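The residues making up each chain are set out below.
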Amino acid sequence: MRRSISLAAVVLLPLTAGSLLRPEPAASDGAAALRNAPLPEFEPFTRRVVVVVIDGWRRADALSGASMPNVQRLAAAGSRGPMTAGIRSFTKPCLRTLFTGRPGAFRDSLLNVAVDRVTEDSLFTRLNLARRAWGSSAYTPDFEELFGDDMREGAARAYVGKGADSFGAYVDDDAVEAGAMRILDDPAVVLALVHFGSVDHTGHILKPWSAAYREALASADRRIGRIASRLEQDRDALVVLGDHGADDDGHHGGPDALARETAFLAVGRGFAKGTPAFAPEDFAPTLAVLLGVCPPASGLGAPDPALLGLEPAVLKRRCDACLAARFASSPVLEKRWAGTPELARYLAAPRFGPAEAESYRAFGPRPGGSEHPPVQALLGLAMVAVVLGVWRRPA
Amino acid sequence: MSGGAAALLLALAVLPGRDHAAGALLLAGALAIAAKGRGLGRGLALGVALAGLVCFVPVARTPLGHTAGAFAGDAAFLAFAVLLTPGALREARPRLIRWVALLPPLSCVGSWLAPNMRIAILASATFTRVAVLFGLALFVYAAATRQRSLESLAFASLASCFFPGWRTLLLVLLEGWMLVSPDASSLPGRLRAAMAPLACLTLLVLFSGGYGLSRIDLTLIVLGDSDPVHPAVAWGATAVLLSYSASLVAALRLAVRTAGGPLADHVAYALSAFVLFTGADLLWLGAARPGVFLTIQLEEQLVFDVVLSALLLVLAAATAVIERGAPALREASG
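One line per chain: the protein sequences are A and B, in this order.
In terms of the numbering used here, the first sequence opens at residue 1 and continues consecutively.
In terms of the numbering used here, the second sequence opens at residue 396 and continues consecutively.
Just chain A, with the same shape it has in the complex (with noise of 0.2 angstroms):
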């Protein structure tokens, strides 16, 4: 029994693990079409935008902000509300779905190491195609394993705060302040992501109810205070968001809720005042529509008109053009959309409003079925079928 136990799993173990773990497909041509499909651009209605990302920023933590005056005083002033994270509450998978709008894939469930390089179009690409400058300082280099290709690409400047590893076993915070500073000197500079880790530290290491976790906050609030001062409320925009919650342990990755509530703050130029709630899919939409360049191609989200303080009809307009550029760009979604009723009443609708931010969604190319192949239904049923039988065996 106990030969037959090993051998059965010495053959079956790396089988599963080779079908968890098999690469992801290649982009196909009609993928790197879209990725650098000539989309339209515009002038943007804001000339810069922050992006402070506070790792694990709990959404008790982000909505009451006793321990945050500034997030408070800056909400008072713009758009504060709940954000929900995607069911993959590791590091990277939030901020692919965050800057594409993506939701994760089965293999960035593998400890948040494993998680592919994005290869369709993001944020990022849209900006580099239109050649606008943008940079990012974060403590891990999540964004450069992420985004590489936009990096080398564009006009990027990157900074990583030293120390950092895969597993975020040290956070300087002050390095990625000083990087974000540096990347703010530069005129040029239209998109600024920070990405803040001690919050999220804190929480694994010290747990959220601790007192190091209050002070951890306290100072990414002080942060965001000294970046805000840096702004001209009345040309640029901050967004301060978290890209995943964690539970009272501190941790998180998983479907549970605590583990993916979190919230976002959204205030300056091109952003309405009020509290509502916000998908991270829109995430990337949105700020595309601030900084005047389209979605990404690939994207799942839309532009959230009730964060965003624009006028309905030019916003319309603006995600007509980009849509009708994209079908334009990718015969298999002009024919499986362009010529439909849906698309025809999408663009007589004589506003943009919420409604038609969901039927613009619709037309995003969806995800085919199951991530699980049939092969691995049979190979589990193997080892069921293999386990029984060596059980019914007389040890």
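Here are the simulated SDA-like pairs of lysine to any residue, each with C-alpha atoms no more than 20 angstroms apart in a straight line:
{"#": "1", "chain 1": "A", "residue 1": "273", "chain 2": "A", "residue 2": "235"}
{"#": "2", "chain 1": "A", "residue 1": "207", "chain 2": "B", "residue 2": "465"}
{"#": "3", "chain 1": "A", "residue 1": "207", "chain 2": "B", "residue 2": "507"}
{"#": "4", "chain 1": "A", "residue 1": "207", "chain 2": "B", "residue 2": "449"}
{"#": "5", "chain 1": "A", "residue 1": "207", "chain 2": "B", "residue 2": "604"}
{"#": "6", "chain 1": "A", "residue 1": "207", "chain 2": "B", "residue 2": "451"}
{"#": "7", "chain 1": "A", "residue 1": "207", "chain 2": "B", "residue 2": "453"}
{"#": "8", "chain 1": "A", "residue 1": "207", "chain 2": "A", "residue 2": "172"}
{"#": "9", "chain 1": "A", "residue 1": "207", "chain 2": "A", "residue 2": "60"}
{"#": "10", "chain 1": "A", "residue 1": "207", "chain 2": "B", "residue 2": "467"}
{"#": "11", "chain 1": "B", "residue 1": "431", "chain 2": "B", "residue 2": "585"}
{"#": "12", "chain 1": "B", "residue 1": "431", "chain 2": "B", "residue 2": "652"}
{"#": "13", "chain 1": "A", "residue 1": "207", "chain 2": "B", "residue 2": "459"}
{"#": "14", "chain 1": "A", "residue 1": "273", "chain 2": "A", "residue 2": "45"}
{"#": "15", "chain 1": "A", "residue 1": "273", "chain 2": "A", "residue 2": "314"}
{"#": "16", "chain 1": "A", "residue 1": "207", "chain 2": "B", "residue 2": "452"}
{"#": "17", "chain 1": "A", "residue 1": "273", "chain 2": "A", "residue 2": "231"}
{"#": "18", "chain 1": "B", "residue 1": "431", "chain 2": "B", "residue 2": "441"}
{"#": "19", "chain 1": "A", "residue 1": "207", "chain 2": "A", "residue 2": "218"}
{"#": "20", "chain 1": "A", "residue 1": "207", "chain 2": "B", "residue 2": "454"}
{"#": "21", "chain 1": "A", "residue 1": "273", "chain 2": "A", "residue 2": "310"}
{"#": "22", "chain 1": "A", "residue 1": "207", "chain 2": "B", "residue 2": "463"}
{"#": "23", "chain 1": "A", "residue 1": "207", "chain 2": "B", "residue 2": "456"}
{"#": "24", "chain 1": "A", "residue 1": "207", "chain 2": "A", "residue 2": "67"}
{"#": "25", "chain 1": "A", "residue 1": "207", "chain 2": "A", "residue 2": "258"}
{"#": "26", "chain 1": "A", "residue 1": "207", "chain 2": "B", "residue 2": "457"}
{"#": "27", "chain 1": "A", "residue 1": "273", "chain 2": "A", "residue 2": "311"}
{"#": "28", "chain 1": "A", "residue 1": "207", "chain 2": "B", "residue 2": "460"}
{"#": "29", "chain 1": "A", "residue 1": "207", "chain 2": "B", "residue 2": "466"}
{"#": "30", "chain 1": "A", "residue 1": "207", "chain 2": "B", "residue 2": "461"}
{"#": "31", "chain 1": "B", "residue 1": "431", "chain 2": "B", "residue 2": "655"}
{"#": "32", "chain 1": "A", "residue 1": "207", "chain 2": "B", "residue 2": "455"}
{"#": "33", "chain 1": "A", "residue 1": "207", "chain 2": "A", "residue 2": "256"}
{"#": "34", "chain 1": "A", "residue 1": "273", "chain 2": "A", "residue 2": "76"}
{"#": "35", "chain 1": "A", "residue 1": "207", "chain 2": "B", "residue 2": "462"}
{"#": "36", "chain 1": "A", "residue 1": "207", "chain 2": "A", "residue 2": "64"}
{"#": "37", "chain 1": "A", "residue 1": "207", "chain 2": "B", "residue 2": "559"}
{"#": "38", "chain 1": "A", "residue 1": "207", "chain 2": "A", "residue 2": "249"}
{"#": "39", "chain 1": "A", "residue 1": "207", "chain 2": "B", "residue 2": "458"}
Simulated from the structure, these hints should not be mistaken for laboratory data.
This one's a predicted model, so the numbers in the text were calculated from it and none came from an experiment.
Got chain A; can you put chain B on it based on the hints?
Frame of chain A, contents of chain B only:
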């Protein structure tokens, strides 16, 4: 394997969430043992049930609960070490082992007292590393040479580094119960084969916080990693795997003590159960088209089961090697 055990494990294999089932199993098992036990054994079994319950409830995750857990864990470990050390020293063979036997528990206490700084050589992390490495070596030696007090002392020292607070209390009570209980209990024969897999499941959930990779306790990284410029990522990864191995080893020892029979049999039962769980996860994922939430839950389970199956495979190999070398080692130790 008997029909009852197979049916129980099959039922667990098709459950999408195993956390709550595992917790309920531990509490029910501990209470059943307490009901049958007498004297100290009964008290310890009741303690296991209560400590397991506290690990589950949210009160443990508050500042007050954390402080109380830290105190309870440290006090229980200290009392256990003080009570066990004379017996462990008496039975330690050869004489050299007597000196080494004190190293893991003393290092544990040292890690509480030493400053959590990277500058000094006597930092908390240094003591923790000594406790883990010497505790592991001593535990393997004591298990192979059947020195039970020494085995318990070494394992409690090793595992308390990974599972502080309430979990140390649970661990110490379990060790105590295993020491005072008879070699094999009156567990019904048809459930004996299921004992090791069920114990693995429950202890993993209680010690690691949940059935899923998202609950991996990243605090383990700091076990030996206090240098911010050159973080010991390899040590962190080793510590994570060692912590799972500690849960599995504790479960296998519990199975041997509760159900009897050779250790290798229980390793084989646990391995076969986790291969079955992996197969059931794959079957559900590939054949059915469940909703998004269920999919991610199954994916978490699948990755977790694959990692645990691989660890159990390594344990099976280690058990075979130790079983082969144990007689010679016992003879040499005199």
